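Got chain A; can you put chain B on it based on the hints?
Protein sequences appear in the order of chains A and B. Using our numbering, the letters of the first sequence map in sequence onto residues 1 to 299. Using our numbering, the letters of the second sequence map in sequence onto residues 1 to 299.
Keep in mind the hints are simulated off the structure, nothing from the lab. As the structure is a prediction and not an experimental result, all values here were calculated from the model. Some hints here could point you the wrong way.
Treat identical chains as interchangeable: a pair holds within one or across any two.
DSS-like mimics (lysine-lysine), calculated; alpha carbons at most 25 Å apart, straight line [as the list claims (entries may be wrong)]: (1) K70 x K144; (2) K33 x K144; (3) K16 x K108; (4) K70 x K50; (5) K36 x K250; (6) K171 x K108; (7) K283 x K272; (8) K36 x K171; (9) K255 x K171; (10) K171 x K33; (11) K250 x K33; (12) K206 x K171.
2 protein chains.
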Amino acid sequence: MQEAIASFDFAEYLEKARTRVEDALDASLGPEKPEKLRESMRYSLLAGGKRLRPILCLAACELAGGELEKALPTAVALEMIHTMSLIHDDLPSMDNDDLRRGRPTNHKVYGDAVAILAGDALLTRAFEMVSIRTEGIPSERLLKIIGELSLAAGAPGLVGGQVVDLDCEGKEVDLETLEYIHLHKTGALLKACVTCGALIGGADEKLLEALSIYARGIGLAFQIIDDILDVTASSEVLGKTAGKDLIADKTTYPKLLGLDESRRRADLLVAKAKSALDPWPEKSKPLLALADYITSRDR
Amino acid sequence: MQEAIASFDFAEYLEKARTRVEDALDASLGPEKPEKLRESMRYSLLAGGKRLRPILCLAACELAGGELEKALPTAVALEMIHTMSLIHDDLPSMDNDDLRRGRPTNHKVYGDAVAILAGDALLTRAFEMVSIRTEGIPSERLLKIIGELSLAAGAPGLVGGQVVDLDCEGKEVDLETLEYIHLHKTGALLKACVTCGALIGGADEKLLEALSIYARGIGLAFQIIDDILDVTASSEVLGKTAGKDLIADKTTYPKLLGLDESRRRADLLVAKAKSALDPWPEKSKPLLALADYITSRDR
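Isolated chain A (complex conformation):
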């Protein structure tokens, strides 16, 4: 098995997947009117980034035995929801961020009103992608995916986590609350990525359960690494304002556990996440490599 994994060219896989995703994202926005709205949506949706969420979706679809092509609209939908959350999080009334992926944030370019509306439009478009723009998947399955997306993006997931996060700014926060925030704010959508991809691929309960454990692990690890990078990396490398957690007096893993223990915990979570996929040693190679990629990233 060790050898088999070694023979899997992750860099090539990542490059190909990213190209597929970029092309699909570029094609996903039709001739929205008015132009300003379309530009604002495209500005943030096509701002680059790791495209981790859509790639996780595609990888889970393939692990379940599905065709990558059929998962593309859902992969795009997941990136649209993620982009919406970034646009709204960056607003002056929330995190008040001027920089994102090395460029001015959406509201800095288009104004607060259009930024809010572009977020709304991307969130809505995500549901259009799955309901109208997906072909060759049974309706019951698409309906399940829409259910997963709605739970992950809304109050039970992303939005709920963001409200708790805002509430905790400047307060003493314990590890349990910190985990609650991340499991909702980041974890719920990451879980939806693999779940929705697997549903497109026709996964059974056993695989869905394993992917759920996998997603929880990489979700938390992802956030711990984010916290670590905020302390250790420069703004130039991150493409967003570094050290802003410290400035905002936000509770982070490094603050609660120290840098070394945070790093150790992230490694442990990734190891656990990977072991959930043990029953599928061959087919899970992309997801295993993605888990490592998440913890070794420097931005």
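Just chain B now, kept in the frame of chain A:
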């Protein structure tokens, strides 16, 4: 037929429908966490109002021969989308309104950040209502409804209309642009109300087509009346700031056409809307009465 219409007790119908809708709205929000988010969502969703959109949905479902009960989650979803648009429209960066339905607007009570997120959560929850909380309707039909909702709420509908509306503030606007704004900002969702209700009820193409004409007519008439009321009614009666179109120097129907011609145009639109339902004289009574109700309202 005249007599049959006379025998239909619209006041009783409206009262019953409104009670069903209020109960369904009240039950629609589960134990969202954190409490502040739940409160903010409930504050605006349960703020009263005519409940025109959900009632149109229920009436269209019944006209198509469906059971009202099965259309309730979709009716709630439509009101959630409408509520989201009100919360976001009222924000300081948009219309900057302090008063809505006689109470402080959402952001005045919960702050801008929570108001934005409550809107996001309501929009997302709308899709949850249809995808997860609807029973006894074939998946293909629910998927169609989700498609209709996504088009009506997003860039091709409500959000697109709002961006053009904001863009036109303080500018000279012609009748064509004014109609474009209203057909998107208000009309698209009103059309979705009857279309989605009719889909739940299993409507055929002929009925869907007629309802689409009906919705276009009442949608535009509704907006003309809104413009008229902004000029003629007091803030006390409206429950929102009156005269704000004048203050914001917005182009309105009264401004372009005068009050009398605006009123005449609204009446004509309603008459056209009603005649589209001629082939269903008995079953369309609630929708016919709702059309009159819209033009005779004083708030």
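query: Which of the stated hints cannot be reconciled with the structure, identified by number in ascending sequence?
result: 3, 12
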